[in-house]
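S.K.: These are the residues of each chain, in order.
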Amino acid sequence: MRILEGIDLSKRYTVHGTPVQALDSVSFALEDGEILGIVGESGSGKSTLLRLVSGLEAPDSGEILLDGAPLPAKRTKEHYRTIQMIFQDATGSFHPRRTVASSILESVRSLCGRDAKCDLAALCTQVGLESELVERLPGNLSGGQCQRFAIARAVAVSPRILLCDEITSALDVSSQAQVLRLLADVCREKHMSAVFVSHDIAVVRCVCDRVMVLRGGKLVEAGDAAEIVTAPKEAYTKELIASILEIDEACMADITNRIDTWQARHT
Amino acid sequence: MSDVLLNISGLTVGYGAHNAVADVSFALHRGEILCLVGESGCGKSTLLRALLGVTPKLAIRAGTLTLDGTELTAMPDKARRALTTARMGMVFQSPGASFMPIRTYRAQFIETLKCHGKYDAAAFDDQAAEVLGRLNLPDAKRVLDSCPFELSGGMNQRVALALALLLGQELLLADEPTSALDATVGLQVAEEFKRLRDEQGITILMVTHSLALARHLADRIGVMYSGRLVELADARELLARPSHPYTLALLSAVPTLSGAMPTPLPGQPPMHGPAAVGCEFAPRCAYAGEGCAAAQYALQALAPDHFVACWKEDRP
Amino acid sequence: MLNNKSRAVRIRLYGFLILAGLLVLLAIFAPFFTPNDPNATSAADMNAAPSARFPFGTDRYGRCVCSRVLVGARTSIFSAVALVAITFVIGALLGMLAGWYGGVADSVVMRIADVLLAFPQMVLAIAVAGLLGGGMGNAMLALGVTGWTLYARLARSQTLALKNEPYVCAARLSGCGTFSILFKTLLPGMLGPLTVSAATQLGTTMIGIAGLSFLGIGVMEPQAEWGSMISGSRAYLQLAPWAVLAPAAATVVTVMVFNLLGDAVRDALDPEVQK
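Chains as they are written, first to last, in my numbering: chain H, 95 to 361; chain Y, 9 to 324; chain L, 927 to 1201.
You may find that some hints are simply not true.
Unchecked claim - Label pairs and their calculated CB-CB ranges: (1) H:Lys-327 <-> Y:Gly-77: 54 to 60 angstroms; (2) H:Ser-263 <-> L:Leu-1086: 24 to 30 angstroms; (3) L:Asp-1040 <-> H:Ala-216: 50 to 56 angstroms; (4) H:Ile-101 <-> Y:Val-62: 53 to 59 angstroms.
Stated by the list, open to error - Residues of chain L clear of chain H, computed beta-carbon distances all greater than 12 angstroms: (5) Leu-949; (6) Asp-963; (7) Gly-1063; (8) Leu-1080.
What the hints contain is simulated information worked out from the structure, not anything from laboratory work. The beta-carbon is built from N, C-alpha and C at its ideal position, and this holds for glycine as well.
Construct the complete structure from the given sequences, taking the supplied hints into account.
M.R.: And the structure:
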């Protein structure tokens, strides 16, 4: 069942006086419970697409359907509650002068009603962080910790769709792995769908079920994640995949073997 | 002329009360690319800045630094800076960051060359065109007449390399030069580094968080954690037989095209730099044992060109 | 907020806050301190030198200069504070709205501000006050016509800068309405620079009011106001310099205190100035 659908979305910006077609008649569909990946380089329009879907901006043309019904340009609180977004700059997505707890509570109260309760401790456990960290200012937390709290804030209002705008691009390898795993777990447990935007096709491959490739505001290719990576049809997709620098599979397999052997010896 | 261009021995460096880097030792050979890999806060960028010696308040607290036989740490600051800035160039993560965004490259190049006493008015245009051509920027006039904000990230990084070449700097320090670029452009810039090494014999010390980039470019790879060098080996050797638990964890945490979910490392990297005693990685290490909290840091040789700082014999 | 500021910064801030507070208190309680009736004339004591009875001497009508300076403090300081407060509120509001909505609203507000700022402030104020006639209210209006533009520009640029920050977008996606975002999310961050401007403007406004009164289009006789006092006693400068010097010194001291307070507030709020 299609939970979210975009039909012929277009958006144009004026940058330094020249008009730029950020998005040119792009369509997409998100099935219930799936994670859709959008891959592209800078200027491909992937972030613009998320901004249109989230309601931060309105498309110049085209429409967005939620459960088959068109979404108005002016969203209601119910819409905001259903579609939540997580940003690339995790620390920047919290008010710099308020504690993370205060920001989360404010979001919950705004979207779920003045008297809504929010179990901060349970949220912290869910995202794998100590509960005392939630009382800190965002500037005193690491990028990875902020991003996990951002996921907590989004999940606290029980949305049906999560929009992830390059949520791991600014993170270290270890934080990235933590956030990716958290996202996958949370989507599975809460039965949420997600749209995951990234410039890194390997990251998208790990976490997404289906993938769309964008370039210059246009859709290049779309399909099952595994298929697109192993058998890309378009030249640009092949170029993107080729630009991924990888560690040999043989090396990785060897490492896994060694670790497994050690674990076996010690249990 | 000795094979070793830069020799770092027991280097400890820091701002204020804390050390950012402790007891780092390695030798950089002429014409090699050495990549230091580590996550944010491990001190790799601080180490680069300490080598260049132009960051105020960044002091070398211990250890020695020898550039081509000359011991830098024994020299007075001014003389040291004159030597390092003449022979070492730096390329930053943010393309164009080391240039003023609203002034043409021509003006900035000329100014820099004059400061180093290497400006030849008659020959400048030809030299610049030749160097830019070598870096795949054939339209030299257009590039020189542009300001940094008018060019793309990849082009700006190449221009930064061009300046280092014009200054005749034989050692390039690169601080995450491709992180801010798109994958395809970053790969092209990485290739430029390789060609510089191949064609000009330039020595490159590059800092990156990507082991995959290091594998692609480096002759040797050093892995840093919390201000210490925990593993140093020939690139192929390190990837074939990674030894330190942190290296193993890093490799397992990188997403691959196979689709397998990467294995996360528990906890956070330490924010306070190297500790005096004990292995800093122990709290997050899956193989840590009783002696780890008291272990003294020491790089042990596993093989002729493979050093690891892990005392525990019983590990994967 | 002030935790990691150096002691010097904190001392300056508290010191000038106290001084400014004392001045304001003095203005409020002035009538209780006056040695004599500020409006009582005395033919016998015209242009008398300072003495025990008249600490700052008398002016051309025999009125006690000291008493008039104290009572004039009320007029000068309060009217300046009131004017700054009103222009601050109006200017900041207009600026935030212009920055947030952009487009037509932004153009209209900013072009009006541009037109008003094309005239030298005092010249325009003189013209407006002249048209409206004299009196304190009209003088304040005359200065207020251009006074709001400073805060509007500042608030607008801050709003433009912060409008697309991730945390503001996140607030929008939490269903916060425009005014909730403007006042709860954006305004606290902007208050710093705005307050600094206001503190510094206090001094300028005081001089503006004094200037208009000096020219005779501000306060009307016999109301005491430092500018009109200077103007009125100017002709007798050689005979009774104290009648000019006392109000002039009072003006200078007060303006200095407020300006230095503005500096101290700026340093205290400036994230760069740290221990």
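S.K.: Compare the structure with each hint and give your call.
M.R.: Status of the hints after comparison with the structure:
1. H:Lys-327 <-> Y:Gly-77: 54 to 60 angstroms: holds, 57 angstroms
2. H:Ser-263 <-> L:Leu-1086: 24 to 30 angstroms: holds, 26 angstroms
3. L:Asp-1040 <-> H:Ala-216: 50 to 56 angstroms: Holds, at about 55 angstroms.
4. H:Ile-101 <-> Y:Val-62: 53 to 59 angstroms: holds, 56 angstroms
5. Leu-949: Non-interface label on L:Leu-949 holds, nearest chain H Cβ at 31 angstroms vs cutoff 12 angstroms.
6. Asp-963: Nearest chain H Cβ is 52 angstroms from L:Asp-963, so the label holds.
7. Gly-1063: holds, 39 angstroms
8. Leu-1080: holds, 19 angstroms
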